[in-house]
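> Here is how the chains run, residue by residue.
Protein chains: 2
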Amino acid sequence: MITVEKALKIVRDNVVDFGIEEIPLSESINRVLKEDWRTDRDLPPYDRVTMDGIAICFDSFEKGSRVFTVEGIAAAGMPQQTLQDKATCLEVMTGSILPNNCDTVIRYEDLDIQNNQAHITIENIRCQQNVHFKGQDRSQNDLIVSKNTIISPAEIGVGASIGKALVKVARLPKIMVISTGDELVKIDEQPLAHQIRRSNVYRILTTLQDYNIQADSDHINDKPEEIRTKISRYLQDYDVLILSGGVSKGKFDYIPQIMEELGVQKLFHKIKQRPGKPFWFGQKEGCTIFALPGNPVSSFMCMQRYFRAWLAWSQVGEVPSPPFAVLQEDVFFKPDLTYYLEVKISYSSDGKILATPKKGNGSGDLANLSNADAFMELPRGRNDFSAGEVFPIYWYR
Amino acid sequence: MITVEKALKIVRDNVVDFGIEEIPLSESINRVLKEDWRTDRDLPPYDRVTMDGIAICFDSFEKGSRVFTVEGIAAAGMPQQTLQDKATCLEVMTGSILPNNCDTVIRYEDLDIQNNQAHITIENIRCQQNVHFKGQDRSQNDLIVSKNTIISPAEIGVGASIGKALVKVARLPKIMVISTGDELVKIDEQPLAHQIRRSNVYRILTTLQDYNIQADSDHINDKPEEIRTKISRYLQDYDVLILSGGVSKGKFDYIPQIMEELGVQKLFHKIKQRPGKPFWFGQKEGCTIFALPGNPVSSFMCMQRYFRAWLAWSQVGEVPSPPFAVLQEDVFFKPDLTYYLEVKISYSSDGKILATPKKGNGSGDLANLSNADAFMELPRGRNDFSAGEVFPIYWYR
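Sequences listed follow chains W and L, in order. When you line the first sequence up against the working numbering, it's residues 3 to 399, in that order. When you line the second sequence up against the working numbering, it's residues 3 to 399, in that order.
The following block holds chain W by itself, in its conformation from the complex (with noise of 0.2 Å):
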């Protein structure tokens, strides 16, 4: 039995290159990019007038010129005007190019226009106002957004604006979440009174969504032949194989067993912790199995803890350091495994996270699952954990 540490290290050092696929720009949220953005002009590509009113060249207003004849119009989406007379003025729209012999934007609001004639009627008129200058965010070929940036509606922006309407991001892998267990039904069946219907996979499913992973999802009895025919067929065709159940003590629990006839590298089986102890995880040339506990806590807590960090470290190269929060009760606990306590989520007025546990009735509960938003790690070695004190969290939604 390993330590989580040592687990986490064994999980990063088993980590997979799935490649790199190239998919629309509008496809892509929430997926890692695989090159590097650079700009192709600059930002702004033009000095973009930034409020609507007039143009003027600062020379004349400096020279005590307050009004100004209106030579024409600048509408965003007109190639580059020019003002003939640095007397006038041109009327300038926000997004259009500033027009030649001009420097400096008045609005709307600081201006009387009649009879074609601007009066300006503030006097705190600065040189270069209301004008966003080409380059000034970004020049050509400015990198803009780094590969392996996890991909938000802030860069898909970025990468419409640089016509990235094809972007290279990290492949998904192919992943096939199995059941065990003889004891479950589907969910649209009626169980008997000995039987309970599969929940775990739902709930791994819809946590690979986060990825826009669609899994693929099987069920398997605990007959040793039928486990052994189907693994070794998705060892085969898929890239990573969840499975829950089949890897405790139990005498029908044949996972361990069958993953070694198969030739799966057994990489570790049992981590220092609660939930989720009998986690075992191992390798077979392209395939990861994360075969997980069956309780539905445990199977759930190593999904968040393992398996996302496995997934980031394989395709972002790094695992974002988690939130820590504050405990708002005093905990309890004996054993020496680090403890994973569900917890619910609050922010306090000065800027703190809050965690309040939710214990629920242990690893079989999964109905408290849905009164806490995350897990708070709780490290061995101790028994006591005080109200005040702060723990890391990982958030399941």
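If you are wondering where the hints come from, they were derived from the structure by calculation, not from laboratory data. There's no promise every hint is true.
Any copy, or any two copies together, can satisfy a pair, since identical chains are not distinguished.
With a Cα cut of at most 30 Å, we get these calculated DSS-like pairs of lysine-lysine [unchecked claim]:
(1) K36 x K188
(2) K176 x K268
(3) K286 x K36
(4) K170 x K361
(5) K88 x K286
(6) K176 x K88
(7) K253 x K136
(8) K36 x K360
(9) K11 x K149
(10) K11 x K225
(11) K274 x K170
Put chain L on the given structure of chain W with help from the hints.
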């Protein structure tokens, strides 16, 4: 020009109920539940064994018995077994029903089994240990997830376990996202010197994907007749129109006037805020119109602050309180406007959310959005904001 508070009140007063639809559970992630979920059975539905080992009658242990003949086995998925002789035991697997005449489970780790005799190797055995009793988490017909909950993987698991193959959720609005502005060209076009590529619509469309909304999009040039014809049709065909551009003081900012001509009720135009001052909001019969400013930072900020709030009020009935973060640098802001400052978020080891300003070059600086994670709301009526002060943040990644 109205305040942010007044604008939000108007947004709240103009929510729309889009009704309810029934969809498969596996597609319901991030949707808003529109039915109360009650347990169809006790949870757990039977006295559920939580460890692999043996089940005994504790009475025998208490009377001194430490060796138990193994009578048989109870696997998960088997109907309930019965212990025939209280001096013996049954092997039991995690997830199985506790056999009749048993009340206590001893795990394999605390046993030595040889020749069908299970020797208990520890003395610290509690009656009823390692059993998750019927109804311990919830009783049949208990409220387990409430109407208006946003469905996370935790609720997906609950729904699966209580047999909700189909779930009632708030119907999402049908949305059209429209950019206007003659200077805009498509992503895959090479812009001329006075042109730029469209980016606002992509930022907006991918923000909507957070809600599983696949919106349509269009671009309309600054031609009043074209705007009138298209908007007129879209008002009929969509629940929501989100426009960007054409709402300011420019000569070609036709949107407010055309909306009026088409009988759209203006609910407000212009808010005391930066960015996003020219935001126009209106409604006509079933259609709600967010006419956002054309500047990229402005339109994006209005989406995060106003559209998200409107959708949450429409679907959930309330908007969650935003987190507060600690400003990391002094900020000076002169105008008498609410200031939405772009900030980069990090976490301190004492449980705080930290916000580092990324001011950028104003509302046209779309590249700067990629340097930040959130908008921090700095209130009107002040010019100086000090490092260490705490303000609400609106996350966009």
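> Each hint: holds or not?
Evaluated hints:
Proximity of K36 to K188 under the C-alpha cut-off of 30 Å is restricted to the inter-copy arrangement: shortest distance 23 Å between copies versus 39 Å within a copy. Taking CA atoms no more than 30 Å apart as the test, K176 paired with K268 passes inside one copy only; the shortest distance there is 21 Å, against 49 Å between copies. Taking the closest pair of Cα atoms, K286 and K36 come within 30 Å of each other only inside a single copy of the chain (26 Å); across copies the shortest separation is 44 Å, beyond that limit. For the identical chains of this complex, K170 and K361 are inter-copy neighbours only, at 29 Å across copies versus 43 Å inside a copy, given an alpha-carbon limit of 30 Å.
With identical chains, the CA atoms of K88 and K286 are never at most 30 Å apart, being 76 Å at best within one copy and 47 Å at best between copies. Proximity of K176 and K88 under a CA criterion of 30 Å is satisfied in neither setting, with 65 Å inside one chain copy and 51 Å between copies. When the C-alpha separation of K253 and K136 is checked against a cutoff of 30 Å, the pair qualifies only between copies, where the shortest distance is 24 Å, while the shortest distance within a copy is 72 Å. Proximity of K36 to K360 under the C-alpha cut-off of 30 Å is restricted to the inter-copy arrangement: shortest distance 25 Å between copies versus 40 Å within a copy.
Taking the shortest alpha-carbon separations for K11 and K149, only the intra-copy value of 24 Å comes in at or below 30 Å, while the best inter-copy value is 42 Å. For the homomeric pair K11 and K225, neither the shortest alpha-carbon distance inside one copy (33 Å) nor that between copies (61 Å) is at most 30 Å. In this homomeric assembly, K274 and K170 never come within 30 Å of each other (Cα to Cα): the closest approach is 39 Å inside a single copy and 40 Å across copies.
Checked against the numbered hints given earlier, the structure breaks hints 5, 6, 10 and 11 and satisfies all the rest.
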